[in-house]
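Student: Could you slot chain H onto chain Y? The hints should help.
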Amino acid sequence: GAVVSQHPSRVICKSGTSVKIECRSLDFQATTMFWYRQFPKQSLMLMATSNEGSKATYEQGVEKDKFLINHASLTLSTLTVTSAHPEDSSFYICSADPGGLSGNTIYFGEGSWLTVV
Amino acid sequence: GENVEQHPSTLSVQEGDSAVIKCTYSDSASNYFPWYKQELGKRPQLIIDIRSNVGEKKDQRIAVTLNKTAKHFSLHITETQPEDSAVYFCAARLPGGYQKVTFGTGTKLQVIP
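Chains as they are written, first to last, in this note's numbering: chain Y, 1 to 117; chain H, 1 to 113.
Take the hints with a grain of salt, since some may be wrong.
Okay, derived cross-link-like pairs now, BS3-like style, lysine-lysine, Cα gap no bigger than 30 Å in a straight line [said to hold, decoys possible]:
no.	chain 1	residue 1	chain 2	residue 2
1	H	Lys42	Y	Lys14
2	H	Lys58	Y	Lys41
3	H	Lys57	H	Lys108
4	Y	Lys14	H	Lys68
5	H	Lys42	Y	Lys64
6	H	Lys42	Y	Lys20
If you want a taste of the chain Y side facing chain H, the calculated C-beta under 7 Å gives, among others [to be verified]:
no.	residue
7	Leu44
8	Asn104
9	Ile106
The following label-pair restraints were derived from C-beta to C-beta distances [as the list claims (entries may be wrong)]:
no.	chain 1	residue 1	chain 2	residue 2	range
10	H	Gly97	Y	Leu68	35 to 41 Å
11	Y	His7	H	Glu83	25 to 31 Å
12	Y	Val117	H	Lys68	38 to 44 Å
Everything labelled a hint here was simulated from the structure, so no lab data went into it.
Computed from a predicted model, the values in this text were never measured in an experiment.
For each residue, glycine too, the CB sits at the ideal point set by N, CA and C.
So here's chain Y without its partners, still in its complex pose:
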């Protein structure tokens, strides 16, 4: 099946610094990847849709200058949380669409726990 890898799985950073999270599709090419944020005991909140070779599409209320998304290749998308603050602490998870014969199925990365201290 389609495999999506996310790194790092856990990261602790100081307030004011930036953190980069990588999302890779290991055995398929993904023109579209999605970034979600999940608070404890809540659903997945879509932050943005990452399109290879073009600018990401951000959901309403998500600051594009704070959550920088880059989709430079068909197998890699990155999310950079800039000037992180404690309220940015959360579980961030990406997903990717293999397209083609998979239909509309998307597959998730392992997720990244971000703690800002």
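Tutor: Relative to chain Y, chain H alone:
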């Protein structure tokens, strides 16, 4: 945009009983409805999905039904086991690889041994 509602938010069943989770969606153009199981701190795992040209799909103890007219779909788990305990999310997606997946609010299922 698409809106997905999910009920109940929590569900407790005795081991061996059945569990049913229901979802409704708003956009009649949605044509793909996956169900994900998420254990604490882990990624959502696809457990079953259904497309709009099918009314029912079954995979061992798990089944999903879709009523396009009413715009609702349901997950049925039979002979529940303790390892079925998790949070389950339904979702809906419009056609097109660039389309986002809209998730329901989740159901925490507890199977009591």
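Student: Hint by hint, note whether the structure agrees.
Tutor: Verification of the supplied hints:
1. Lys42(H) <-> Lys14(Y): holds (24 Å)
2. Lys58(H) <-> Lys41(Y): holds (28 Å)
3. Lys57(H) <-> Lys108(H): Judged against 30 Å, a Cα distance of about 22 Å means the pair holds.
4. Lys14(Y) <-> Lys68(H): Not OK: Lys14(Y) and Lys68(H) at ~49 Å, beyond 30 Å, violated.
5. Lys42(H) <-> Lys64(Y): Roughly 26 Å separates the two Cα atoms, so the pair holds.
6. Lys42(H) <-> Lys20(Y): holds (20 Å)
7. Leu44: It holds, given that the least Cβ distance between Leu44(Y) and chain H is near 5 Å, below 7 Å.
8. Asn104: This hint holds: Asn104(Y) lies near chain H, its Cβ roughly 4 Å from the closest one there, short of 7 Å.
9. Ile106: holds (6 Å)
10. Gly97(H) <-> Leu68(Y): 35 to 41 Å: violated (23 Å)
11. His7(Y) <-> Glu83(H): 25 to 31 Å: Roughly 28 Å apart at Cβ, these two residues keep to the hinted range, so it holds.
12. Val117(Y) <-> Lys68(H): 38 to 44 Å: violated (49 Å)
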